[in-house]
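Assemble chain B onto chain A, guided by the hints.
Chains A and B are the protein sequences, given in the same order.
The first sequence: position 59 = 58 (numbering that gives the first Met the number 0), numbered continuously.
The second sequence: position 89 = 88 (numbering that gives the first Met the number 0), numbered continuously.
Quick caveat, the hints were computed from the structure, so don't treat them as lab data.
If you're wondering where the values come from, they're calculated on a predicted model, not measured in any experiment.
Here a beta-carbon is modelled for each residue, glycine too, at the ideal position from N, C-alpha and C.
Certain hints may be false.
[Said to hold, decoys possible] Label pairs and their calculated CB-CB ranges: (1) B:Thr16 to A:Met114: 34 to 40 Å; (2) A:Thr106 to B:Leu116: 21 to 27 Å; (3) B:Ala122 to A:Glu6: 43 to 49 Å.
[Claimed, not checked] Stretches of chain B that chain A covers, calculated by requiring three or more beta carbons in the stretch to come under 8 Å of a beta carbon on chain A: (4) 29–35; (5) 39–46; (6) 73–83.
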Amino acid sequence: MTGPPTEFHHRVIAAAEHLVELRHALQRWVAASGLSRHRQEDVVLASYEAMANSAEHGYRDRPGGSLDVHATHDGAVLVVTVVDYGHWKPPEPSDGLRGRGLMLIGTLADETSTMHRTDGTTVTMTWRVR
Amino acid sequence: MGETELTAGGDPGDRVTGFAGSVVLDRYGAAVVLRVSGALDLALAPQLQQMVDRAARERPPLLVIDLTGLEFLASAGMAVLVRAHRKVPGPTGVRVVAASRIILRPLQLTRLTDELLIHPTVADALAAG
Numbered sequence: 000m001t002g003p004p005t006e007f008h009h010r011v012i013a014a015a016e017h018l019v020e021l022r023h024a025l026q027r028w029v030a031a032s033g034l035s036r037h038r039q040e041d042v043v044l045a046s047y048e049a050m051a052n053s054a055e056h057g058y059r060d061r062p063g064g065s066l067d068v069h070a071t072h073d074g075a076v077l078v079v080t081v082v083d084y085g086h087w088k089p090p091e092p093s094d095g096l097r098g099r100g101l102m103l104i105g106t107l108a109d110e111t112s113t114m115h116r117t118d119g120t121t122v123t124m125t126w127r128v129r
Numbered sequence: 000m001g002e003t004e005l006t007a008g009g010d011p012g013d014r015v016t017g018f019a020g021s022v023v024l025d026r027y028g029a030a031v032v033l034r035v036s037g038a039l040d041l042a043l044a045p046q047l048q049q050m051v052d053r054a055a056r057e058r059p060p061l062l063v064i065d066l067t068g069l070e071f072l073a074s075a076g077m078a079v080l081v082r083a084h085r086k087v088p089g090p091t092g093v094r095v096v097a098a099s100r101i102i103l104r105p106l107q108l109t110r111l112t113d114e115l116l117i118h119p120t121v122a123d124a125l126a127a128g
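Bound conformation, chain B alone:
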């Protein structure tokens, strides 16, 4: 992440906490990073969708959905990732960050690893532009 500067969002809307997970909106330069932690399940999926919509309205060049802090990913959450990838309008590029087996496996089994743009780290996703 080197020279990119993290701008800590002081806006209370930059964080949502669900029953078993949370989403935090961070900014790296012009890019928006949504850090999802805990469980991206039926309860958190609508909240992530709201944050994706909120981030997309800013029309950043890059929207990174960081699943590094996630310990459980259900199909309801995967649907939000797919919707973001397909529906967030240009010029915003959507990238997903995931590296652990428990998160990559459901993405592989449903062949979303072929469709989504997945990077092992946030730094890698930001560098890919």
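So that you can see chain A by itself, here it is in the shape it has in the complex:
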């Protein structure tokens, strides 16, 4: 054994049925990270919420777009980046579903940032490894 893998990259079609496999793959990768089980659950849920947001909102005008999930782990921090190539719209105040997804991302990760690029959106979530 040379230690846990430190990089993860998967590209899938941003649709609900494809996110299942991606979530499982990320879960397996995170399980080897050395994070506590509870923090692993936090990473998987926050990452899933970011992917679900892309699937639901990033490609609402153009279904079938792709989604890239990158993750790195260097012993000090674990970073997950979810990249889509669609167009997020600002959440409606009444959109409770999306509001809760973003709330979860914000509370589960130690740090988050959302970058709206001209060709899509990048969500970066960081966890300090304790």
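Just chain B, lined up with the frame of chain A:
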């Protein structure tokens, strides 16, 4: 659950299976219990919504959404729980059963533990009426 009798539903519509989870409709006396297992994610949430709608049409006194067999809960699924709690018309009371940390934590973080009526077991939810 003591003296309450489980009526096994023979109707094929009493079960839906998704990509990573399933919903089964059971009856305990007049109460309807939806047992959700696996992952209540973006894929299963619309199917749970259909089962909630189907159960609500029967106007049972109690609709229990049992998350005991769940291993993953995403906001898409939480939205169905909230919608059931807010929109299923009276006289049906809606109760949620959850006990594990992985399911309770997202409900706590989004403060839904304050809004939803959550019980640790199905027996407890049924007894609460």
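Do the hints match the structure? See the list:
Checked against the hint of 34 to 40 Å, the C-beta distance between threonine 16 (chain B) and methionine 114 (chain A) comes to roughly 38 Å, which is consistent with it. For the hinted restraint 21 to 27 Å between threonine 106 (chain A) and leucine 116 (chain B), the CB-CB distance of approximately 23 Å keeps it satisfied. One distance hint, 43 to 49 Å for the beta-carbon pair alanine 122 (chain B) and glutamate 6 (chain A), holds here, with the actual separation near 47 Å. Under the rule that three or more residues need a Cβ within less than 8 Å of chain A, the assignment of the stretch 29–35 of chain B is violated, with 0 such residues.
Coverage of the stretch 39–46 of chain B by chain A holds in this model, with 3 residues showing a Cβ closer than 8 Å to a Cβ of that chain against a need of three. With a cut-off of 8 Å between beta carbons, the stretch 73–83 of chain B has 6 residues touching chain A; three or more are needed, and the interface restraint holds.
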